[in-house]
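Engineer: For the record, the sequence lines run as chains A and B. If you read the first sequence in the working numbering, its first letter stands for residue 88, the second for the next number, and so on. If you read the second sequence in the working numbering, its first letter stands for residue 88, the second for the next number, and so on.
Read the hints as simulated data drawn from the structure, not as lab findings. Warning: the hint list may mix true and false statements.
Below, in silico cross-link-like pairs of lysine-lysine (DSS-like), each with a Cα-Cα straight-line distance of 30 Å or less [what the hints assert, rightly or not]:
| # | chain 1 | residue 1 | chain 2 | residue 2 |
| --- | --- | --- | --- | --- |
| 1 | A | K279 | B | K268 |
| 2 | A | K268 | A | K384 |
| 3 | B | K215 | B | K268 |
| 4 | A | K519 | B | K423 |
| 5 | A | K268 | B | K279 |
| 6 | A | K479 | B | K141 |
| 7 | A | K141 | A | K268 |
| 8 | B | K423 | A | K141 |
| 9 | A | K499 | B | K519 |
| 10 | A | K301 | A | K215 |
| 11 | B | K194 | B | K160 |
| 12 | A | K423 | B | K423 |
| 13 | A | K479 | A | K301 |
| 14 | A | K141 | B | K499 |
| 15 | A | K141 | B | K359 |
| 16 | A | K268 | B | K141 |
| 17 | A | K359 | A | K442 |
| 18 | A | K279 | B | K279 |
| 19 | B | K279 | A | K479 |
| 20 | A | K423 | B | K519 |
| 21 | B | K141 | A | K215 |
| 22 | B | K141 | A | K359 |
| 23 | A | K168 | A | K215 |
| 24 | B | K194 | A | K268 |
| 25 | A | K268 | B | K359 |
| 26 | A | K279 | B | K359 |
| 27 | A | K141 | B | K160 |
| 28 | A | K519 | B | K279 |
| 29 | B | K359 | B | K499 |
| 30 | A | K141 | B | K215 |
| 31 | B | K268 | A | K359 |
| 32 | A | K500 | B | K141 |
| 33 | B | K215 | A | K519 |
| 34 | A | K141 | B | K479 |
These numbers come from a predicted model, not from an experiment.
Number of protein chains: 2
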Amino acid sequence: MLAFAETIVPAIAENRASEFTLSNGMDVVVIPDHRAPVVTHMVWYRVGAADEPKGKSGIAHFLEHLMFKSTDKIAIGEFSKIISRLGGQDNAFTGQDVTSYHQRIAKEQLRTVMDMEADRMVNLRLTKDEVATERQVILEERRSRIDNNPTALLDEQMNAALYLSHPYGIPVIGWEHEMAKLSREDALHFYKRYYAPNNAILVVSGDVTADEVKRLAEETYGKIPANPEVDGRERPQEPPQIAARRLTLEDARAGNASFHRYYLAPSYATAKPGEAEALDLLMKIVADGATSRLYKKLVVDDKIAATTGGDFSGWGLDSGTISLYAVAAPNVGLDKIETVIDGVLSDIRANGVTKGELDRAKKSFLADFVYESDNQASLARRYGWSVAIGRKVSEVEDWPNHIANVTTDDIKKAANNYLDARQSVTGWLVPKSNEGSSERVEQPVAHSRS
Amino acid sequence: MLAFAETIVPAIAENRASEFTLSNGMDVVVIPDHRAPVVTHMVWYRVGAADEPKGKSGIAHFLEHLMFKSTDKIAIGEFSKIISRLGGQDNAFTGQDVTSYHQRIAKEQLRTVMDMEADRMVNLRLTKDEVATERQVILEERRSRIDNNPTALLDEQMNAALYLSHPYGIPVIGWEHEMAKLSREDALHFYKRYYAPNNAILVVSGDVTADEVKRLAEETYGKIPANPEVDGRERPQEPPQIAARRLTLEDARAGNASFHRYYLAPSYATAKPGEAEALDLLMKIVADGATSRLYKKLVVDDKIAATTGGDFSGWGLDSGTISLYAVAAPNVGLDKIETVIDGVLSDIRANGVTKGELDRAKKSFLADFVYESDNQASLARRYGWSVAIGRKVSEVEDWPNHIANVTTDDIKKAANNYLDARQSVTGWLVPKSNEGSSERVEQPVAHSRS
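Chain A extracted, bound-state conformation (with noise of 0.2 Å):
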């Protein structure tokens, strides 16, 4: 173990950020990369759609919406335009605990970019003609990636299911009858309440200095004042979780029937030293790709599932999440596919992986992590996500040390600790049954090994 990081992580864990803050308390992340002419530049806020006050489900990602409109500087919907007749190329993108708005472009734009995203900051002004047609926008987006989408449909259901009280169970884009209602002054109450430089982060990676980008951050970003008003964030907590969930959805448009389960877990924010890094080699292990325990058993050696997966999503601010899911092969029912899924992670509890596995499941780790590392986007990315959630620069470099740190006790711990059902909700997708008229969803029956 030792001799392999010391193999492989050094060539990587080279520190490439530089780290300040503005006197206006925002935090700025620098990361040369001289390569090419180019810069990526983000700013995060440290806000997202688990802090949405009650009953406005969808106003985070609304108002990222509403941010392309118009300010003093911009005419309307011009935002996008004039970063693409620069040669650049703007998105942005809402989760539950950040929202963030990024551009690539040519290092001689960057002081145009930062002006006019400085400016979107505090001075966005929106009409409620402009608010009427983006809440269509919204709508009709959420009828295409949800409700158009039985698995999309499901993992909704899930999250509702897996969360008894934490907000990370009601959906990003929100719920329709809530994203329907959402009005101007919503909009306005949200963004005043929390974009400001004091809560957001400016991540620039590409062809600067930490200098270069200091005297722009301090000419643009500079000039806004600090908002005392910011609050924190106030989010409820999970209680204890006793008691296993389940859930079926039919629906007419599912193809083959799918079995899915997430479990709750610590994130790379809440997980002691370790555990977190335990879980990512543990998740690859066991589902992520032809080599994984579940595609070798289900799909490889017993024929029952069409394919299989899961991972760990540990950047939640709060929380993380273990995933699992298996497509079943044609005629197999989900109970097969449930109880040889049980049997597969019962196993990796009780003797834990090999050291083979898990040396490959690192392997694999530190190569995402050279070749993400190449990315300007993905590494602004991964500095920007991280320092959201309260990471520190440091950590984000030192994170290949501490998977190549993992041992087989802590993956077989982790399993123990975490792939407990008491945490977890399962789900089951099924084609809809055609008999008759009824609308009628029969619950299945379930039956108890005890």
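Since the structure of chain A is provided, determine the placement of chain B on it from the hints.
Structural biologist: What follows is chain B alone, placed relative to chain A:
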């Protein structure tokens, strides 16, 4: 049916209550009953646990406890002692939608009680020490009522799973980790936002006239100015429910295994005319007592259950619930119980109920109504709760007529509309298996019917 209505209803549907509103917006309902020189005095606030701020679960109930502390006129903890010294009894209640305070006392003491209740409506004093001490009391209440009771724990988990978004999914008493942090400021903030005459209903039943109560109310509650800051209730509502949910709680303290199911349904406040009455009658026929469908099938005929029951709970502001349960006979699996219960429900959806069953159910409800009407406190509670969730006094008094008008077709329709698995959660409570020392809880494996 009409004949039935004519013979039973007129005797009980005499309009007994008067209602009026004070100039500060406080609603008053008076139900005279001169058989004994006592009165029941209640103040209902249009606020409950479902109105709590994010992450402050339990604050409505905690404040209800703290209302028994001091004001300028009442020394610490003296409120109930004074009532007791006057020969009366007092208590209070917190629900998801309402909070009420009530006293039963000799009629000549009514003025004193009204003075005291009006006083604590706006003059509550709280010290940090009192709050800290009482917080221990509510935490202990939670431990004894919920945490030491597997059925209560299951109910809590099932409610959390039944509601995807609505705060009815949060327990009235609160999640322990949030209760432990409730502060004096939280209590006072909730108090000042919701406790005001224009958010309250006074109900007095007993040996009084409407004129007497009006005069006393104006001299006491009437002196308190309306609070224009009282906000309406802001509550997230449910998205469409599309996936049947289920969960299993294993608990070493559970006795025989038991089966539980809740369905989301409309309430008297939200249903179309006659629907809630049909649900009340449906559930009496299905699940109430030894002549119910479930009892006859599971306990008497098949002998697979030790007992069974259920009801329709229709008094929520935003929705109601249908609930069912059965305790398994020794060595009977819950899968068997569930199959038989689903069979009983399917039969009712397909074939409805008989005229004889419906007539018996009506007779039973109307008898209960008459019986309760004979009790001052029940009567005051009936009017207070109904008015608090927005029903009119006339609707309260017309209820027996609406029950009398329900047809077997209405029952069948209600069963088909609301015994809908997609809007349900099924809970299994099973004694914990003692295999080894593992804390692991295995999920039951579900078998699809399709």
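Engineer: Given the proposed pairing of B:K359 with B:K499, does the C-alpha separation stay at or below 30 Å?
Structural biologist: 15 Å, holds
Engineer: Just to be careful, I want the Cα atoms of A:K168 and A:K215 compared with a cutoff of 30 Å; is the pair within it?
Structural biologist: This hinted pair holds, its Cα atoms lying about 22 Å apart.
Engineer: Are the Cα atoms of A:K279 and B:K268 separated by 30 Å or less?
Structural biologist: Cα-Cα ~28 Å, so holds.
Engineer: Can the restraint linking B:K194 and B:K160 be considered satisfied, given a maximum Cα separation of 30 Å?
Structural biologist: Measuring from Cα to Cα gives roughly 22 Å; hence the hint holds.
Engineer: Does A:K519 pair with B:K423 here, judged by a C-alpha cut-off of 30 Å?
Structural biologist: 24 Å, holds
Engineer: Tell me if the straight-line CA distance from A:K141 to A:K268 falls inside 30 Å.
Structural biologist: 13 Å, holds
Engineer: Is the straight-line distance between the alpha-carbon of A:K479 and that of A:K301 30 Å or less?
Structural biologist: Holds, because 19 Å separates the two Cα atoms, which is no more than 30 Å.
Engineer: Quick one, are A:K519 and B:K279 close enough, alpha carbons at most 30 Å?
Structural biologist: 51 Å, violated
Engineer: Below or equal to 30 Å on CA atoms is what counts here, so check A:K479 against B:K141.
Structural biologist: This hinted pair holds, its Cα atoms lying about 29 Å apart.
Engineer: With a cut-off of 30 Å on the C-alpha distance, tell me whether A:K279 and B:K359 pass.
Structural biologist: 41 Å, violated
Engineer: If you draw a straight line from the CA of A:K301 to the CA of A:K215, is it 30 Å or shorter?
Structural biologist: Since the Cα atoms of A:K301 and A:K215 sit roughly 37 Å apart, the hinted pair is violated (cutoff 30 Å).
Engineer: Under the criterion that the straight-line Cα-Cα distance not exceed 30 Å, is the pair A:K423, B:K423 satisfied?
Structural biologist: With a Cα-Cα distance of about 20 Å, the restraint between A:K423 and B:K423 holds, given a limit of 30 Å.
Checked against the numbered hints given earlier, the structure breaks hints 2, 8, 10, 14, 19, 24, 26, 27, 28, 32 and 33 and satisfies all the rest.
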